[in-house]
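Enquirer: Sequence:
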Amino acid sequence: LERICSFIGAPYRDKALHYYQSAESINTARSGQMWANVEQPMLRSNTKKYKNEMSEEDIRLFEKVAGHALLSLGYELDYDKPQDDISPAQIEEYARLNEEMKKEFRGKASPSDLDKRRPQDEFLQSLKANLRA
22 LERICSFIGA PYRDKALHYY QSAESINTAR SGQMWANVEQ PMLRSNTKKY
72 KNEMSEEDIR LFEKVAGHAL LSLGYELDYD KPQDDISPAQ IEEYARLNEE
122 MKKEFRGKAS PSDLDKRRPQ DEFLQSLKAN LRA
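Using the working numbering, the first residue of the sequence shown is number 22, and each one after it goes up by one.
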């Protein structure tokens with residue numbers, strides 16, 4: 022953490038290691054299951070979880086879309102550098118699948134998680150409406 026602070030030009034403070042005890046972390050952790058780890062100390066095993074949670078096809082797609090950004094930030098790709106562009110038909114299909122997955126998630130999420138997400142969803146909808154106007 023000291024090296025990171027030095028790299029970004031921020032002062033290092035020991036209390037940064039205890040971020041998970043802050044009121045902000047506790048409130049964030051209570052905002053939904055996906056934020057539960059915010060109330061925990063750094064987890065050494067909390068790395069590359071996507072390899073167990075995403076299919077090879079999904080990882081390849083993500084690397085195709087974000088590969089150049091990942092490489093520029095110093096990340097290694099799991100698969101060969103993507104060569105093919107994504108067609109408009111593929112983009113449309115991925116958008117459809119994304120909507121299906123969001124609908125499935127909402128069906129499984131707890132009502133309290135959905136209530137906590139509602140302001141964010143409403144804000145995103147208003148942004149989209151403003152962009153279309």
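Hint data in this document are derived by calculation from the structure and do not stem from the laboratory.
Only a predicted model underlies this, so the values are computations on that prediction, with no experimental measurement involved.
It cannot be assumed that every hint is accurate.
[As the list claims (entries may be wrong)] For lysine to aspartate or glutamate, the following EDC-like pairs were computed, each having C-alpha atoms within a straight-line distance of at most 16 Å: (1) Lys102 <-> Glu121; (2) Lys124 <-> Asp106; (3) Lys102 <-> Glu84.
[To be verified] Here are the in silico distance ranges between beta carbons for each label pair: (4) Met55 <-> Ser27: 40 to 46 Å; (5) Ser66 <-> Asp142: 27 to 33 Å; (6) Leu82 <-> Asn48: 44 to 50 Å; (7) Leu152 <-> Gly95: 30 to 36 Å; (8) His89 <-> Asp35: 34 to 40 Å.
Built from N, CA and C at the ideal position, the CB exists for glycine as well.
Enquirer: If a hint holds in the structure, say so; if it doesn't, say that too.
Expert: Cross-check of the supplied hints:
no.	hint	verdict
1	Lys102 <-> Glu121	violated, 29 Å
2	Lys124 <-> Asp106	violated, 28 Å
3	Lys102 <-> Glu84	holds, 8 Å
4	Met55 <-> Ser27: 40 to 46 Å	violated, 31 Å
5	Ser66 <-> Asp142: 27 to 33 Å	holds, 32 Å
6	Leu82 <-> Asn48: 44 to 50 Å	violated, 34 Å
7	Leu152 <-> Gly95: 30 to 36 Å	holds, 32 Å
8	His89 <-> Asp35: 34 to 40 Å	holds, 37 Å
When the structure is compared with the earlier hints, violations turn up for hints 1, 2, 4 and 6 and for no others.
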